[in-house]
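Visitor: Chain A is already provided as a structure; the job is to place chain B on it using the hints.
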Amino acid sequence: MTDKLIPLLKNIKTKEPSVILAALAVYAEMGKRLGHEVLASDILPALWPMTVGVLLNLEQVLACLGERCSHKVQPVTRRYSRTGDQSNTATNPETPGCCACRRCIDRSLISVTRQRVSWSHGRNDLGLRKSCPWQETRHKSAPIVVSPAHSLPKPTASTRLHKFDAFNPNRLDESNEPNHVSNTATSFAGLVLSATSAYAVHSLL
Amino acid sequence: MPLVYNALGAGTFLQEKALKISGELAEHLDFNTVKSALFPKVANVFTHTTTLGTKVATLECFLQLVPKLDNVFPLFVMMLKVVYHDR
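Line by line, the protein sequences give chains A and B.
Heads up, the first sequence is in the numbering used here, so the first residue is 24 and it goes up one at a time.
Heads up, the second sequence is in the numbering used here, so the first residue is 6 and it goes up one at a time.
One chain only, chain A, in its complex shape (with noise of 0.2 Å):
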């Protein structure tokens, strides 16, 4: 059945608060009764287009969204970054895995928005700014993770289980803190909130 479903809500062009609202309701009710893989591959890389120009709101939600998942990917990250870690990252410990690729990214820019939107409950005399360093971030994210990308090796069937190692819990909490950075994707994370962070203290100024 989610094989027609999801392609359903895919495909709406409305940008109407709505049917998003609506549409998020049907995902968030989907989410809770599907398993972590087509939660990862189809309805977190379609919640990421309603992201884009509307309100801080969705955003609240769309973070809400992302870390319920996360509780539901997480366990099964550990459980795959545990095996890699004994099979293949043993032997190469420097292997960045496939950072590169859109989950991994997801990612990190779920645990960014987490921040952002903490931030911003934190700060509510910015206004009508609000909305401003997200846009922002998106901006400035998009080079700093797509340029990486090429010098990565290209994600195959192989690296299957680095693909969830990026997952792993412990190095979306390195994000808060760049000493730790020993990842990619961490990197890619850290680059990004302190970019947003540089961003929010100039637009305070």
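Derived by calculation from the structure, the hints in this document are not laboratory data.
Warning: the hint list may mix true and false statements.
Mimicking PhoX-like on lysine-lysine, the simulated pairs with C-alpha atoms at most 20 Å apart in a straight line are [what the hints assert, rightly or not]: (1) A:Lys55 x A:Lys27; (2) B:Lys25 x B:Lys73; (3) B:Lys22 x B:Lys60; (4) B:Lys40 x A:Lys27; (5) B:Lys22 x A:Lys33; (6) B:Lys73 x A:Lys27; (7) B:Lys73 x A:Lys55; (8) B:Lys60 x B:Lys46; (9) A:Lys27 x B:Lys60; (10) A:Lys36 x B:Lys60; (11) A:Lys33 x A:Lys55; (12) B:Lys60 x A:Lys33; (13) B:Lys22 x B:Lys46; (14) B:Lys40 x B:Lys25; (15) B:Lys60 x A:Lys38; (16) A:Lys27 x B:Lys22; (17) B:Lys73 x B:Lys46; (18) B:Lys25 x B:Lys60; (19) B:Lys25 x B:Lys46; (20) B:Lys40 x B:Lys73.
Over the 12 Å line for every Cβ pair with chain B, so calculated as not near, a few chain A residues [what the hints assert, rightly or not]: (21) Thr37; (22) Pro68; (23) Leu70; (24) Trp71; (25) Pro72.
DEER-style ranges, computed between Cβ atoms [unchecked claim]: (26) B:Gly14 x A:Trp71: 29 to 37 Å; (27) A:Asp26 x B:His53: 25 to 33 Å; (28) B:Val88 x A:Glu39: 24 to 32 Å; (29) B:Ala42 x A:Pro30: 37 to 45 Å.
Virtual Cβ for every residue (Gly too), placed ideally from N, Cα, C.
Guide: Frame of chain A, contents of chain B only:
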């Protein structure tokens, strides 16, 4: 049910009413009816309508249909868990 199905093919006002009703009716229908009869009709309305209210009504109807359509998945998820747990 034919009454509801016919209403789904009628004018905008009737469509919205039928969508609201079909969401509630879905709880009392079995999986096969929802899957093969109701869901395709609602999906058809969803793709062809240009009215905002109808669009939202279809989405709300989907929201109520999802738990019903989900019947196959708990078993599937359980199987997945077992498979992953054994690794």
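Visitor: Of the hints stated earlier, which fail here?
Guide: 5, 16, 21, 27, 28 and 29
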